[in-house]
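Please build the complex by placing chain B on the supplied structure of chain A, with the hints as guidance.
If you read the sequences in order, they're chains A and B. If you're matching positions, the first sequence starts at 1 in the UniProt record's numbering and goes up one per residue. If you're matching positions, the second sequence starts at 1 in the UniProt record's numbering and goes up one per residue.
Read the hints as simulated data drawn from the structure, not as lab findings. Computed from a predicted structure; not experimentally measured. Quick reminder that beta carbons are idealized off the backbone N, C-alpha and C, glycines included. Check each hint, because a few of them may be wrong.
Here are the computed lysine to any residue pairs in the SDA-like style, where the Cα-Cα straight-line distance is at most 25 Å [what the hints assert, rightly or not]: (1) LYS107/B with GLN180/A; (2) LYS93/A with ASP70/B; (3) LYS192/A with VAL88/A; (4) LYS81/B with VAL88/A; (5) LYS108/B with ASP82/A; (6) LYS108/B with THR87/A; (7) LYS139/A with CYS187/A; (8) LYS94/A with CYS23/B; (9) LYS93/A with GLY31/B; (10) LYS203/A with LYS26/B; (11) LYS142/A with THR102/A; (12) LYS81/B with THR112/A; (13) LYS81/B with SER113/A; (14) LYS108/B with LEU40/B; (15) LYS211/A with GLU89/A; (16) LYS107/B with LEU19/B; (17) LYS26/B with ASP206/A; (18) LYS192/A with ALA24/B; (19) LYS107/B with GLY6/B; (20) LYS81/B with ALA103/A; (21) LYS94/A with GLY31/B; (22) LYS108/B with LEU29/B; (23) LYS118/B with GLU39/B.
Only part of the chain B face toward chain A is listed, based on derived beta-carbon distances under 8 Å [as the list claims (entries may be wrong)]: (24) ASP58; (25) VAL77; (26) THR80; (27) LYS81; (28) LYS87; (29) VAL90; (30) GLU95.
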Amino acid sequence: MNPPGRVAGPQRRGPGGGNGAGGGSPAPLGAQSRRRKQPPRPADFKLQVIIIGSRGVGKTSLMERFTDDTFSEACKSTVGVDFKIKTVELRGKKIRLQIWDTAGQERFNSITSAYYRSAKGIILVYDITKKETFEDLPKWMKMIDKYASEEAELLLVGNKLDCEVDREITRQQGEKFAQQITGMRFCESSAKDNFNVDEIFLKLVDDILKKMPLDLMRNELSNSILSLQPEPEIPPELPPPRPSVRCC
Amino acid sequence: MESDSGLVSPAGNNMKAVLCQRCASKVLLPGSARYCRRELFLPSMKKKNALVADGSPDGDMLTDHWLVDDMYTFENVGFTKDIGNIKYLVCADCEIGPIGWHCLEDKKSFYVALERVKHE
Chain A
1 MNPPGRVAGP QRRGPGGGNG AGGGSPAPLG AQSRRRKQPP RPADFKLQVI IIGSRGVGKT
61 SLMERFTDDT FSEACKSTVG VDFKIKTVEL RGKKIRLQIW DTAGQERFNS ITSAYYRSAK
121 GIILVYDITK KETFEDLPKW MKMIDKYASE EAELLLVGNK LDCEVDREIT RQQGEKFAQQ
181 ITGMRFCESS AKDNFNVDEI FLKLVDDILK KMPLDLMRNE LSNSILSLQP EPEIPPELPP
241 PRPSVRCC
Chain B
1 MESDSGLVSP AGNNMKAVLC QRCASKVLLP GSARYCRREL FLPSMKKKNA LVADGSPDGD
61 MLTDHWLVDD MYTFENVGFT KDIGNIKYLV CADCEIGPIG WHCLEDKKSF YVALERVKHE
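Bound-form chain A, shown alone (with noise of 0.2 Å):
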């Protein structure tokens, strides 16, 4: 039950690779220009998030404003999404999020390495009402050690609120396990009522944002690390756990 443990160190891994800089052009318009001819504003940096959790316990659901089942079963395509470009302002920042929900591909080995590898931040989900979703948190772990770059943000996130009755893991509980994990950071929500859900990504971005330098910034601007095929590599069975050292 114990994650694999995440000690604060010096050692920080290299980015995650595959950056190529890009063409991107800075922001350096006033906030809110509104006068003709000017082209929109466009967004200050980018930022890739992976929604990673066991199934069913409603990672495609934080992506979506509207949970409301008569539509989504009538309407949605029968394909089902694999990204999406969200915009959140933030401290002034106009942000994209290309969000990659990962439902359907949950078996722990079978999400390529190249979603780990270009995520900013990472919200590993598990459901409150199901403990056997919250027992695969280790499992989860491993992948994100394995993959993710070291400076991800985590971000992990008990969800189904609104099933208060039938839970199963206690709000400790997971505040525990996100504290064994260095700077993760812990909420649960509500898919369903919408509790919380805006809220986890505004947080995600504010810690990633907190920890990003200026000159930084500007780079990631430029940056667009996923392209649309991400590679069709499947990662190979699990090695021996590479040493957890992860920095804050």
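Showing chain B alone in chain A's frame:
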């Protein structure tokens, strides 16, 4: 949907914001896309199984589109999984769609059909 209906600027850009017809989620800011004519087939928005990969889906041949060359130009948008070499664009919030079209062979073209969105 004619180009002179107050949607397209003299420079060929969208004068109004492009929004989801259903939930008004913001897809594109004014001025961020270019008007473009091209015949593209988009599966129907109403039929539940319109997007199923096999068989011939119901849909419309649409010619009026907003074109952007970088997916990060979008304020909010969703991309479906690949259907052949196509990814359809859907609303990022309510996932209604397809509202647009992207071919994986042309990484610099993202189309949003004027008929599938509202303008404000």
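How the hints compare with the structure:
1. LYS107/B with GLN180/A: violated (42 Å)
2. LYS93/A with ASP70/B: Measuring from Cα to Cα gives roughly 19 Å; hence the hint holds.
3. LYS192/A with VAL88/A: Status holds; Cα separation ~21 Å.
4. LYS81/B with VAL88/A: This hinted pair holds, its Cα atoms lying about 24 Å apart.
5. LYS108/B with ASP82/A: holds (18 Å)
6. LYS108/B with THR87/A: holds (20 Å)
7. LYS139/A with CYS187/A: holds (20 Å)
8. LYS94/A with CYS23/B: Roughly 22 Å separates the two Cα atoms, so the pair holds.
9. LYS93/A with GLY31/B: At roughly 20 Å apart (the allowed maximum being 25 Å), GLY31/B and LYS93/A satisfy the hint.
10. LYS203/A with LYS26/B: Status holds; Cα separation ~22 Å.
11. LYS142/A with THR102/A: holds (16 Å)
12. LYS81/B with THR112/A: holds (15 Å)
13. LYS81/B with SER113/A: holds (18 Å)
14. LYS108/B with LEU40/B: Holds. LYS108/B to LEU40/B sits at ~16 Å (cutoff 25 Å).
15. LYS211/A with GLU89/A: Distance of about 17 Å is within 25 Å: holds.
16. LYS107/B with LEU19/B: At roughly 23 Å apart (the allowed maximum being 25 Å), LEU19/B and LYS107/B satisfy the hint.
17. LYS26/B with ASP206/A: holds (22 Å)
18. LYS192/A with ALA24/B: holds (20 Å)
19. LYS107/B with GLY6/B: violated (29 Å)
20. LYS81/B with ALA103/A: Distance ~12 Å between LYS81/B and ALA103/A Cα, so the pair holds.
21. LYS94/A with GLY31/B: holds (17 Å)
22. LYS108/B with LEU29/B: Holds, because 18 Å separates the two Cα atoms, which is no more than 25 Å.
23. LYS118/B with GLU39/B: Satisfied, since the Cα-Cα distance of roughly 20 Å is no more than 25 Å.
24. ASP58: violated (13 Å)
25. VAL77: VAL77/B check passes; min Cβ-Cβ to chain A is 5 Å, inside 8 Å.
26. THR80: holds (5 Å)
27. LYS81: Hint on LYS81/B: holds, closest Cβ of chain A at ~5 Å, below 8 Å.
28. LYS87: holds (7 Å)
29. VAL90: holds (6 Å)
30. GLU95: holds (5 Å)
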